[in-house]
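K.L.:
In case you want the letters, here they are:
2 protein chains.
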Amino acid sequence: MSRLTGGDPSLLRRINSAVVLHALRGGDARTLTDLTRITGLSRPTVEGVVEGLIGNGLVVEVAPEEGEARRQGRPARRFRFRAEAGHLLGIEIGPHRVAALMSGLDGRIIGAGSREVPETASADERLERVRTVVADVLRRTGVARGSLRAVGVGTPGIVEADGTVRLGTALPGWTGLALGGRLRRSFRCPVLVENDANAAAVAEQWKGAATDSDDIVFVLAGLSPGAGSLIGGRLHRGFGGAAGEIGALHLLGQGATPETLLSTTDEPLHPLDEQAVAEVFALAREGDARAREAVERFIQRLVHDVAALVLALDPEVVVIGGWAAGLDGVLEPLRKELARFCLRPPRVVLSLLGEAVVATGALRLALDHVEEQLFAVEGTVTARR
Amino acid sequence: MSRLTGGDPSLLRRINSAVVLHALRGGDARTLTDLTRITGLSRPTVEGVVEGLIGNGLVVEVAPEEGEARRQGRPARRFRFRAEAGHLLGIEIGPHRVAALMSGLDGRIIGAGSREVPETASADERLERVRTVVADVLRRTGVARGSLRAVGVGTPGIVEADGTVRLGTALPGWTGLALGGRLRRSFRCPVLVENDANAAAVAEQWKGAATDSDDIVFVLAGLSPGAGSLIGGRLHRGFGGAAGEIGALHLLGQGATPETLLSTTDEPLHPLDEQAVAEVFALAREGDARAREAVERFIQRLVHDVAALVLALDPEVVVIGGWAAGLDGVLEPLRKELARFCLRPPRVVLSLLGEAVVATGALRLALDHVEEQLFAVEGTVTARR
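Chains A and B, in that order, are what the protein sequence lines are.
Under this note's numbering, read the first sequence as residues 1 to 385, first letter to last.
Under this note's numbering, read the second sequence as residues 386 to 770, first letter to last.
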C-alpha cells in the first residue's frame, strides 16, 4: 500500500490541472463555464489552471468564430488542447521490416513509413534502417525532431526495463543489444522498448479487434510464436519480461517445433521463412495430402499453445495475429478445441491491424508514457479494482 | 481512468483517518505527538481523527503504565488499535476436510478447528459440517458471532463474484451451488468465496514461502491440479474466475490424466484417492519398477503443467503445494526442466503452510475486505505501477 500523508496543496493543484486537461483532451473547444461544470472546480481555480496550461503550451485560446461576436456581443473565450504541442513515434523493428508511425499528443496518426530489411542484417544495419525510416517520416510530416515527446519500439525478444534485449534469437546480434540505449542517441525524448507481441496486445485494445475488453491475449502466431496479454487493462510483462514466450512449450515433452510440424519434407523449415510457409498452405488448399497433414499438425500445435495461455490467464478475448491470422481455417479449430478444453472459453478473433499492429502498439506505449506525465495525478490516483 | 474532481474535504478527512489508523495498526501504543510526527498531519487534525476512531471503537486509550505518572508528572496519553474490535474467519471446504481459522483485525490467529468429511458427502452435509466447525471455533475462542466482520472461504472449483460455484467437479453437488448465498445465512457479515488454489497463493505470500515476492504462481499439485497466481501483488482471477485451471491441459493432445499416469494397473486411480497415490509413491521409494515409472510419468506431467503456467505468466516464484509438495524428488526435476525450457526460470519452492494453506488464504481475503473498508482511501489512492 502506498503511504499517504494528509492534505497536500501542490498535489491538489496537480489534480486540478490534470482534471482540466482531461476535460479538454476530447478535442472540443471549451469555455471556462464548460470547464467549471465538467470538472466541478471553482471558476477561479479553472482560470488559474487554464492560464498555467496555456503557459506550458498544452492549451490555446481558440479564435471566436466568424460572426459570433456580432450575434451575441462579446463571446465567451474558448480553449482547446494543443495535440500539436508534441509528437510521438511508434516503431516496429522486425526480422524483415522496419516501420514507423507518427502521431500528435492525441494519438491520431499523421505519418507513416517503412522499409524492408534482410533477415540476415546485422544489428548495426537494422538500426541504420530505423534511422532512415524515422528521418523519412519526420521529413514528410514536417515535424521537428525536437517536438518528439516519446518513442515506442516493438521488437522480438525478451526486453528488460532499460530497453536491453535479454534474449532475441529471431534477429542477428539482438541478444544482449542495448537497443534502448542505442536508439536514445537519436532522440532527446524517452525511448521505450517493448516485446513485439506485448506491443501488439496493446494495439488491438487501442484500435483493433479487442477495444471492448480489458482482458486480452494476443497471439503472434507463426513459426516462432509469442504472446502478449493485458490483464485488467494493463500490459502483463511478467516478473522478468518473459510472460507469453510460449515458444518454449514446444520443446517440452514433444520436441517437434512448428518448423518441423509444417515441413512436408524431412527437413524443418527455416524459422523465418514465411515464403516456404505460404507454399505449404497453398499446397494444402490445392489438396496436397502431405501439406494438409503439415497444416493440420501446425494448427493442433497452435491450439495447444493458445490453450495453455487461456488456461493460465483466463482472458475474455484471444486475438490471433502474425501470419497465421491470414490463414484460412485457423479460427474454427481454435474455437472448437478451446470450447472443449477450457472451462470458460474466450472469444477468439483475428487481428484487425495486420502489419501495423506492432508499430501501433509501440505508438500507444509512447502515448501512455506522455499521458502519465500530463495526467500524472490520474496515473497515480486510480481505483484499485 | 477514474474521474477526479478537485479538493474534497470529506475525502481529505477519510485520508487523514486512514493514515492515523495505519500508523496505529502496527500494534504499538502511540502518543498524539508520535502520530503527528508519523503522519505529517497537524496536531488538531490528529486529535480530531483519534477522537473519531475512539468513537467507532477502532482505537482505545491505553492506561498509563504503573509508576509512569509518579516519575514524570502527567504522562502523555497513548492510544492503540483495537484488534479485538472485530473478528475474521478463514474457512477451507475441501473434499475430505473442513477447516476454519479465526483472527482479530490484526490478522493474528486466535483459534482454529477442523473436521473430516466424506468425499461422497452431499452439499448439505458438507455445509452442515462447516457450521459445526465454525460454532466450535466461536465457542472455544469466546468470540460472539456478531463480532465477525468478514468470512473468507476457499474451495475447489471456478467461483463467480457472488460466491456461486460455476464449476466444481471435485465435490458432489458443488457445480451451480450458491455457496456464498448459503453461507451468508449463517453470518451477518460479508462472505467471500474464492477458488482454493487462489486462496493458497494469497496465503503463501502472506505467511508462507513467498513473502518476499509479488509475482507468484501457487500450484495445488495433485490428481486434479489447479493453480493460483498473484501478479504485482494482486490475485489474478481471470476474466471468468478460471485462471490457473490447468487441469484441462492434460486433455489436449495427449489424453492421459494424472490418474492414468500414476496408475500401476490398467485402471486409473480415483481422482480423490490420496491413499492410493501414497501407496504408489511408497512402492516407488521401495524400488518397484512400475511404480517408479508411474511416478516419473506423473512428475513429467507436473513439469509440463508448471512450464505452461510459467511461460504464460513469468512469475518470480513458483510455490508447489497440495499433496505433491510432500513428495520426495518433485522439486529437482521441476527446477531442472524449467531451467531448460523457460527463458527466465523462476524460483521453485515448496509450500510452507501445508494443510493450513487454503484456510489461511481465505482468512487473508476476509482481512483484505475489512482493511479496504478501514483504510478505504488507501484502497483507492494507490500507485498505478
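Treat the hints as calculated values from the structure; they're not laboratory data.
Be a bit skeptical, because a hint or two may be false.
[Unchecked claim] Heads up, incomplete: computed chain A residues facing chain B, CB under 10 angstroms, no partners named:
#1 Gly27
#2 Ala29
#3 Asp215
#4 Gly232
Note that the Cβ used here is the ideal one computed from N, Cα and C, for glycine as well.
K.L.:
Taking the hints in turn, state whether each one holds.
P.N.:
Do the hints match the structure? See the list:
no.: 1; hint: Gly27; result: violated, 17 angstroms
no.: 2; hint: Ala29; result: violated, 21 angstroms
no.: 3; hint: Asp215; result: holds, 4 angstroms
no.: 4; hint: Gly232; result: holds, 8 angstroms
Going through the hint list in order, the structure does not satisfy hints 1 and 2.
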